[in-house]
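Protein sequence lines, in the order shown, are assigned to chains U and F. So for the first sequence, the working numbering puts the first residue at 1; every next one is plus one. So for the second sequence, the working numbering puts the first residue at 1; every next one is plus one.
Careful, some of the hints might be misleading.
Claimed, not checked - One-sided and incomplete, this derived list gives chain F residues near chain U with beta-carbon spacing under 10 Å:
1) Y144
2) A164
3) E165
4) I166
5) R180
6) P185
7) F274
8) R278
9) N378
What the hints assert, rightly or not - Beta-carbon label-pair distances, calculated as ranges:
10) U:G68 <-> F:F21: 29 to 35 Å
11) F:Q103 <-> U:A47: 51 to 57 Å
12) F:D22 <-> U:D37: 14 to 20 Å
13) F:I276 <-> U:G68: 32 to 38 Å
14) U:E51 <-> F:D275: 42 to 48 Å
Unchecked claim - The calculated DSS-like cross-link candidates involving lysine-lysine, where the alpha carbons are at most 30 Å apart (straight line), are:
15) U:K20 <-> F:K82
16) U:K19 <-> F:K179
17) F:K20 <-> U:K20
18) F:K170 <-> U:K19
Simulated from the structure, these hints should not be mistaken for laboratory data. We put the CB at the ideal spot given by N, CA and C, even for glycine.
Read off the chains here:
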Amino acid sequence: MDRSAIDQSIRALIEPFNKKGVEIVDATTFANDLEFDSLTVMDFVAAIEDEFDIIISMNQQAEIENYGQLVDAVLKMQGE
Amino acid sequence: MNETTPVKAADDATGDLFSKFDELIQTRETLLSSGIEDPYNLVMEKVLSPTRAICNGRDTILLGTYNYMGMTFDDDVVSAGKQALDEFGSGTTGSRVLNGTYQGHKECEDALKEFYDMDHAMVFSTGYQANLGIISTIAGKGDYVVLDIDSHASIWDGCAMGNAEIVPFKHNDIEAMEKRLKRIPEGAKVLVVLEGVYSMLGDVAPLKEMVRIAKSHGAMVLVDEAHSMGFIGENGRGVCEEQGIIDDCDFIIGTFSKSVGTVGGFCVSNHPKFDIMRLVCRPYVFTASLPPSVVATAATSIRKLQHGSNKRAHLWENSKRLHGGLIDLGFELGTSEPQSAIVAVIMPDLTQGAMMWEALLKEGLYVNLARPPATPANMTLLRCSLCAEHSSEEVETVLGMFERAGKTVGII
């Protein structure tokens with residue numbers, strides 16, 4: 001899967017969690033722009049893990065602050 | 001913006017490290033300004049028994065302690081403590097690995113080995129340190145810790161202190177745990193961390209299935225039995241005994257500050273190399289050992305808990321009666337049936353929870369007010385924990401108090 005295909009999938013996955021309909025760009029942050037709390041993060045991460053059959057540990061999550069970084073991380077993990 | 005903004009800005013400008021707590025300070029002040037008694041500033045002036053104390057000047061039934069088996073005033077336990085104070089003094093002033101291991105510490109570890117029928121036991125100064133130390137030490141860089149999202153703070157802090165990859169799964173969700181285990185890279189070593197009873201809602205984990213799956217993926221398993229020791233299982237060893245998988249648990253963590261009735265923590269294990277922990281586990285090494293009186297009371301209490309089946313039976317009766325009674329009154333509870341000695345009453349929000357807490361206190365009943373972030377899903381809970389020493393009449397009295405307070409506050 002290339003970056004734009006991953007982007008498309010994650011965009012679909014984020015929708016139910018994006019309660020305020022915030023516009024999603026690469027710079028959109030999870031904590032501030034999307035206001036995800038810890039439980040939302042867990043459910044959202046689980047959805048991505050299931051979709052791509054990967055594991056994103058909390059250590060890796062700590063490095064991911066915005067949407068673009070998430071897409072890049074998933075792209076990298078897919079390649080591994 | 002309101003007037004507080006310039007003050008905050010000034011704090012930031014002066015580099016006040018406390019400015020990050022402003023929001024919490026504000027929430028607390030708002031709550032207290034309504035005239036409510038501070039739920040986190042209660043003082044027990046006198047403790048009359050495991051189930052009664054004078055709190056803020058009132059004679060109060062205690063329904064929010066972890067004194068499940070009521071051992072704190074047991075004659076044998078108290079006299080063992082007094083004797084150790086006389087014979088060994090008030091404290092050890094040293095680490096377990098230097099001058100802080102007395103005869104009493106060894107006897108306490110022997111009592112634990114016998115209680116759990118395991119080869120090794122290691123006593124820590126608190127239960128918090130037991131989780132902190134064991135988890136952070138055994139799971140190192142490149143290893144994985146797979147844990148329930150509702151794990152106790154001491155488990156999370158053990159994860160944060162170590163260097164392993166941390167992978168949480170949805171609470172008590174067997175499938176979510178298994179999926180994560182399947183995705184862990186081949187060859188990586190894994191520690192699965194579970195709890196027997198989760199203290200916020202008092203619900204029990206499906207350990208039988210979870211431990212089986214964890215072992216089938218080659219993981220080692222640690223189970224925290226803090227809230228089940230002494231009460232659940234034929235010999236009071238906990239949920240892992242009750243569900244028949246205690247022999248598959250690599251490590252059991254527990255505490256002396258609940259059923260045992262004093263303070264301290266421990267880990268028991270059959271791992272042949274377990275004793276090396278005494279040299280490499282920093283929260284064990286770099287702190288003073290427990291005072292002689294504490295380990296003496298703990299050892300005596302543990303030995304008595306082995307033979308506590310009558311008390312266990314009465315505690316179950318109490319839990320069932322309180323749970324059923326509160327359901328009948330119309331309260332919403334954390335579990336649909338009684339699963340442990342904890343009965344969690346779900347409050348509509350923090351304000352009503354605090355009002356209910358205060359109304360109960362004025363009735364003469366102490367329960368725990370639990371609020372986010374300690375609680376799952378941002379719930380406010382009134383957490384009731386029963387004691388084997390609560391009489392059946394006391395449980396009826398408690399139900400009457402809940403009925404009156406619930407109607408006054410308008411929750412039922």
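So, going through the hints one by one against the coordinates:
The closest approach between the C-beta of Y144 of chain F and any C-beta of chain U is roughly 7 Å, which is under the 10 Å cut-off, so the hint is satisfied. Because the smallest distance between the Cβ of A164 of chain F and any Cβ of chain U comes to about 8 Å, under 10 Å, the interface hint for this residue holds. The criterion of a C-beta within 10 Å of any C-beta in chain U is met by E165 of chain F, whose closest approach is roughly 4 Å, and the hint holds. Interface hint status for I166 of chain F: upheld, as the beta-carbon distance to the closest one in chain U is roughly 4 Å, under 10 Å.
The interface hint given for R180 of chain F holds, since its Cβ lies 6 Å from the closest Cβ of chain U, which is under the 10 Å cut-off. Interface hint status for P185 of chain F: upheld, as the beta-carbon distance to the closest one in chain U is roughly 8 Å, under 10 Å. Interface hint status for F274 of chain F: violated, as the beta-carbon distance to the closest one in chain U is roughly 27 Å, over 10 Å. Interface restraint check for R278 of chain F: the shortest CB-CB distance to chain U comes to about 28 Å, outside 10 Å, so the restraint is violated.
A least Cβ separation of about 8 Å between N378 of chain F and chain U falls short of the 10 Å threshold, and the interface hint therefore holds. For the hinted restraint 29 to 35 Å between G68 of chain U and F21 of chain F, the CB-CB distance of approximately 32 Å keeps it satisfied. The hinted window of 51 to 57 Å between Q103 of chain F and A47 of chain U holds, with their beta carbons roughly 56 Å apart. Judged by the Cβ atoms, the range 14 to 20 Å given for D22 of chain F and D37 of chain U holds: they are separated by roughly 19 Å.
The hinted range of 32 to 38 Å is not satisfied by I276 of chain F and G68 of chain U, whose Cβ atoms lie roughly 45 Å apart. Between E51 of chain U and D275 of chain F, the C-beta spacing of about 45 Å keeps the proposed range 42 to 48 Å intact. Taking the CA atoms of K20 of chain U and K82 of chain F, the gap is near 62 Å; set against the 30 Å cutoff, the hint is violated. Simply put, K19 of chain U and K179 of chain F have alpha-carbon atoms about 27 Å apart, close enough for the 30 Å limit, and the pair holds.
Taking the CA atoms of K20 of chain F and K20 of chain U, the gap is near 26 Å; set against the 30 Å cutoff, the hint holds. With a C-alpha separation of about 21 Å, the suggested pairing of K170 of chain F with K19 of chain U holds against the 30 Å cut-off.
This entry does not satisfy hints 7, 8, 13 and 15, going by the numbered hints stated previously.
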